[in-house]
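Numbers given in my numbering equal positions in the sequence shown, counted from 1, plus 2.
Any given hint might turn out to be false.
[Said to hold, decoys possible] Cross-link-like lysine to any residue pairs, in silico, SDA-like; alpha carbons within 25 Å at most:
#: 1; residue 1: Lys69; residue 2: Val31
#: 2; residue 1: Lys46; residue 2: Glu63
#: 3; residue 1: Lys41; residue 2: Val30
#: 4; residue 1: Lys46; residue 2: Thr15
#: 5; residue 1: Lys46; residue 2: Arg19
#: 6; residue 1: Lys46; residue 2: Gln66
Keep in mind the hints are simulated off the structure, nothing from the lab.
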Amino acid sequence: FRSISYQEIGTSTVQSRALAGISNGTLVVCMPGSPNACKTAWDKILLEQLDASHRPCNFVEHLQNAKHNTEQAEVNSSCETRG
3 FRSISYQEIG TSTVQSRALA GISNGTLVVC MPGSPNACKT AWDKILLEQL DASHRPCNFV
63 EHLQNAKHNT EQAEVNSSCE TRG
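Sequences and hints are given; from them, build the entire structure.
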């Protein structure tokens with residue numbers, strides 16, 4: 003995000019932070035509060051990352067893997083509690 007933001011706002015980008023990750027199979031995206039920063043993130047990063055055909059990687063693949071791993075963990079967890 004900072005690299006793209008730098009092209010738009012120069013060194014003021016050091017005051018902006020962005021973070022994305024997957025928690026319990028859910029995509030969590032934290033963007034700066036300004037509307038322009040959110041538009042930049044959507045137009046230049048998130049739109050492509052939410053497209054399953056985007057290569058070399060995208061969030062969709064990671065979400066599918068996270069969902070599978072969460073479901074598998076639930077199966078393993080329930081089996082482990084059986085005596």
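Structure versus earlier hints, numbers of those that do not hold, lowest first: Of the numbered hints, all hold.
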